[in-house]
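Put together the whole structure using the sequences plus the hints.
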Amino acid sequence: MTRSRWPAVGREPSPRRRSVLLVCSFLLPLVLWSLVSYVPWIWHPLIHVTDPGTVSWFKADLLVERAVFATENAQAVAAGGRAAVGERANPVFLPAPHAVARALWTAFTTKPVLRDELWLHQSLWLSIQTIFWGFLISSLFGVPLGILCGAYPPLARLFEPVIDFVRYMPAPAFGALTVAVLDIYAAPKIAIIVIGTFFQQVLVIANTVRRHDPALIEAAQTLGARPRQLLLHVIVPGCLVDIYNDQRILLGWAWTYLIVAEVVGVSTGITFFINQQAKYRNFDNVYAAILIIGVIGLVTDQGLAFIGRRIFPWQPRAPSRLNAVLALLGRKGGGPA
Amino acid sequence: MSAPAVTTELADYRRQSPAVAERFQKLRERPVVLEVRDLTRTFATRQGGETVALRSLNFCAHRREFMCLIGPSGCGKSTLIRLLAGLDEPTSGQVLLDGQPVSGPCPDRGMVFQGYTLFPWRTVLGNVMFGLEMGGMESGRAKSEALQWLDLVNLTKFKDAYPAQLSGGMKQRVAIARALATNPRILLMDEPFGALDAQTRAQMQSYLLQIWRNVDVTIVFITHDLDEAIYLADRILVLKAHPGEVQELIEVPVPRPRGPAQFATPEFLATRRRIDELIHPPLESAGEKLPIVRLTVVGDDVE
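So the protein lines, in turn, are chains A and B.
So in this note's numbering, spot 175 of the first sequence is number 175, and the numbers just go up one at a time.
So in this note's numbering, spot 193 of the second sequence is number 193, and the numbers just go up one at a time.
It is worth saying that the hints were derived from the structure and are not from the lab.
Values in this document were obtained by computation on a predicted structure and should not be read as measured data.
Do not rely on the hints blindly, as some may be mistaken.
To be verified - Computed footprint of chain B on chain A; a stretch qualifies when at least three of its residues, placed anywhere within it, have a C-beta under 8 Å from a C-beta of chain B:
hint, region
1, 190-202
2, 231-240
To be verified - Quick list of the computed label-pair ranges, beta carbon to beta carbon:
hint, chain 1, residue 1, chain 2, residue 2, range
3, A, Asn207, B, Ser144, 34 to 42 Å
4, A, Arg11, B, Asp160, 31 to 39 Å
5, A, Leu155, B, Thr156, 40 to 48 Å
6, B, Ser144, A, Leu28, 53 to 61 Å
7, A, Ile128, B, Ser139, 35 to 43 Å
8, A, Asn207, B, Asp301, 20 to 28 Å
9, A, Gln129, B, Ala161, 50 to 58 Å
10, A, Leu140, B, Ala161, 32 to 40 Å
11, A, Ile311, B, Ala161, 12 to 20 Å
12, A, Pro313, B, Ser139, 13 to 21 Å
Beta carbons: idealized from backbone N, C-alpha and C, even for Gly.
Structure (structure tokens):
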């Protein structure tokens, strides 16, 4: 038995190696971030002043560029004063991992600064609701229309050219219009997500449906299936798994539209939280909020994948990321069997 | 050395033993189920011309006959069976089933494809029930009927399995049960065992003969395997290519019931030689020398 050590084209690594790679996939960016944050000579372009010395405009906790710090100190010493003291630091927009980790907790426990501001969890909940309604409304129309366009070429010829045209108009461009029509609260935000998702959705799903196996249609015809039965009993069930996976990808797109949608009208939700924290220069909270969006996305997607494997029992099992992590933890905990 | 001697002694494939002759006499007296009249199918080529896939085909199959279609590649076998199934329309001519012209696919002509074409989202039982459900049968009755058909192909144990979990032979048995479940007058089979390994294929041939013996159905079976055609068929329709035309309709003189032991009988070999001559004309290819220069060391010969 020969096992190549190096990646071979098209060959899946062993389950154990897969788990290790999965962990590394998250670990590598984290290591990079830690290096930049904790090892001063890699980047750290600024000086965090701890003692201003006799430099008139320095104060404790001030961040100045290293070159400026050096010239000011040189001038102060030349004038017979005392040099300022400080340590190298990164800009405020790059907090260290531990600060962001702490913010992941404190962001939820910190009382809002202003009376009408929301807590983080309330902001998140608002965003999730916006996504939910936007994606639901889009899917309610987009999925059936996509299926019909994929199944009946004349319908595709009728709808797809104009949809293809509208698809190129950026959803945020409709912001002012949605506010004019739907007022400034939740409705225009949901509308932006619908506009951003729907047109892509129809085309993506129509393409998926077009890829169905024509031999299955013919087999069904020889078994007596009539046109409507073909649609409901062959085309739809045959494409269901692929449509489900398309929906997972489209849900990710809906999240990208969320950030622009939430500045339409009255800014709300996680976007408002992020913008507000950036104004207060709490960049650790900003990173925490962005990470939480990522976590919500990952958890939803893997959750849907997990559900998918159960509601479509006929499809061959793809390796699950969740299982890979559990397997790795289990092996480390349990030791060699 | 002895092979040529044997072939010269081979019987004429047209000589039939009295029992076989009587069988064919009876077969011809049975009503015609499938009749093909002047069937022609041409396809437009990209250059604006047209190719004739089938030209003026005429033949008929009698009730409970087992007919094989054989021919060189490009002779329009698949085009023909698609026309019979109603999945394609003839340029001219007609296909008649029990005297009625065929238009479009219909469950009275069941079809088994080489690629299995089972519905992957349905269980084995669900696949067999498909045709019955489409015909509007109430699901409890459809289920019990489907179970009987699964029993016939000996797959009751796998009724809850999905197609992806079955071997090729088992998939094709499900496909046969599915096609038979709607009680077709005729079962069309397009190289159904072409993708199976030799052993499974032999087993499937024997299954198919058993099924055919017990079910009131006429079978039209496409194959490119001479032995398979002779082993299974009452009559073999030999087609020739460019354009596809009937070359000969051979009555297979091998007596029934058939078994693998008959592969070496004189009738079998004579029929085989005849079909071989028809579809592989001797002038071509066999003795053709490839223009290869020697790339091995002298003395390292393999034959």
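Quick rundown of the hints versus the structure:
no. : hint                              : in the structure
1   : 190-202                           : violated (count 0)
2   : 231-240                           : holds (count 5)
3   : A:Asn207 <-> B:Ser144: 34 to 42 Å : 41 Å, holds
4   : A:Arg11 <-> B:Asp160: 31 to 39 Å  : 34 Å, holds
5   : A:Leu155 <-> B:Thr156: 40 to 48 Å : 43 Å, holds
6   : B:Ser144 <-> A:Leu28: 53 to 61 Å  : 59 Å, holds
7   : A:Ile128 <-> B:Ser139: 35 to 43 Å : 40 Å, holds
8   : A:Asn207 <-> B:Asp301: 20 to 28 Å : 57 Å, violated
9   : A:Gln129 <-> B:Ala161: 50 to 58 Å : 43 Å, violated
10  : A:Leu140 <-> B:Ala161: 32 to 40 Å : 35 Å, holds
11  : A:Ile311 <-> B:Ala161: 12 to 20 Å : 18 Å, holds
12  : A:Pro313 <-> B:Ser139: 13 to 21 Å : 20 Å, holds
The structure fails to meet hints 1, 8 and 9 from the earlier list, while all remaining hints are met.
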